[in-house]
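J.: So the chains spell out like this:
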Amino acid sequence: MPSIIEVQDLSKYYGKHLVYEKLNFDVKEGEFISIIGPSGCGKTTLLKILGGLIEHSSGNISINGQPVKNALKARKLGFVFQNPVLLPWRISSSNIELPLEIQGINNSPKLSEELLKIVGLEGFENYYPGELSGGMQQRVAIARALAFKPLILMMDEPFGALDEITRSHMNLELLRIWKEEKASISTVIFVTHSISEAVFLSDRILVLSAGPSKIEEIVDIDLPRPRKTEMKHSKRYIEFMEHLRKIIGED
Amino acid sequence: MKLALQFFNKIKRSGTIGIPILFSIVIFVVWELLVFLLEIPEYLLPPPSTIFIEVGTNFGLLLGHMSMTMFAAISGYLLANAIGFSTGVLFAHSKTIEKGLYPYAIALKTTPVIAMAPLLILWFGTDIESKIATAALICFFPIIVNSVKGLTSVDKDSLDLFKSYSASKWQIFTKLRLRTSLPYVFSALKISTGLSVVGAVVGEFVGANVGIGYLILVSSYHLETSTMFAAIMISAIGGVSFFAVISIIEKKVIFWQKSLETG
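Chains as they are written, first to last, in our numbering: chain L, 1 to 251; chain V, 1001 to 1263.
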């Protein structure tokens, strides 16, 4: 598969503090790739650099052969953060329309309705964020990220604040949305600190070491798709879990 | 007994209004009794009954004076908050302006308004303008501080979100900062309701021929203590009502705060 993002010799300093030195990797078109590593290794920073929200210090990143800023301006990127970051004074539908409003794009009045349907929140157009549960709020945030019809969905521990049951449900939902034709997402970059979540969702897992970080390993997860919850008990799944635990050193 | 219990339960249910009323009744009864039992002369401390009678008989006069005071207070309040919020926007926008002007804002805050009042009377005369000025002066500081705090209190995630849409500074201001500043702004707006009445009354103390402050001063010269108390009571009611109105507006404007709490 061709690469959609190419990263060459990426380095990032915060003042004198080195976060990474010379990272090299690529993200392939259509894949689900997770970034994982011990806390403080700069997973979120890496995602935000890939998305153009934080400047990198040196090296080169291109999305479809273009600088990141172009991809951002061309609305190729959709973001979902750990917190839903919904504006509490706006109902779901106008939260979803916010990105279009900012860029001055006319949208069909049906858009938020359609997007809410995709994320499984049909009929919640007129609810304020305060009236929705944490899981529902994150669904609205995903719907909002889809408003641009982005090519790449960048997610920073989106389910980290949810309870275990809601989380595994949201994992299945995310996989469904990713494959949903109307959502038009090709590639997902997913930051998490949960090994189990990463294995369950991903095609590949990029493992960062503790800072100053380098790429410890890129693990191919060749579990069949569509993924099902039962797979979490399969031998292959458990092998991946053990392998990742070993390299991350979480014990 | 059963009736009293029913009455008590009714008050208990109506919570926020009922309980303070019940307390005031108790305080007034104790006050009335103490004045009677200790034989306190009326020019020192009139009993509540006399004050209520005073309010009843001179209601028109009291209201006339109070409306002048409230007009000055509210005008000064609106003026100060409009200018103060604009200054806050300026401060939030430019660190240089903030650094340059902030010491003056602090100086304004620490100088007692009573010390400035004679000067303001000199400048604006003994009519309503000088009272508007004293009221405005005292309301100025809270809104500056709170609007700066509110406008800069936007969380990093929201900023990242807007950045990811390539939003302009103006869009971030109108769609995000203005809204997130509202709880802070309203906190200042509520604080300065009472302050504005203080400012107007202080202005009236220094030089006026009308207004509740003037009435208090004149009745103190004549040892008309019950009139004084009636005037004090009316001015308190004026301040409290002003606060209540702003609180109601706050609840309507920042409706999402409540839904956040319950959600």
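Be aware that one or more of the hints could be misleading.
Claimed, not checked - Computed Cβ-Cβ distance ranges for the label pairs, DEER-style:
(1) N126(L) <-> D1127(V): 51 to 59 Å
(2) A1236(V) <-> T44(L): 51 to 59 Å
(3) I105(L) <-> K1251(V): 29 to 37 Å
Simulated from the structure, these hints should not be mistaken for laboratory data. For each residue, glycine too, the CB sits at the ideal point set by N, CA and C.
J.: A separate judgement is required for each hint: does it hold in the structure or not?
T.: Going through the hints against the structure:
At about 52 Å, the beta-carbon gap between N126(L) and D1127(V) stays in the expected band of 51 to 59 Å. Taking the beta carbon of each, A1236(V) and T44(L) are about 54 Å apart, inside 51 to 59 Å as hinted. For the pair I105(L) and K1251(V), the supplied restraint of 29 to 37 Å holds, since their beta-carbon distance comes to about 35 Å.
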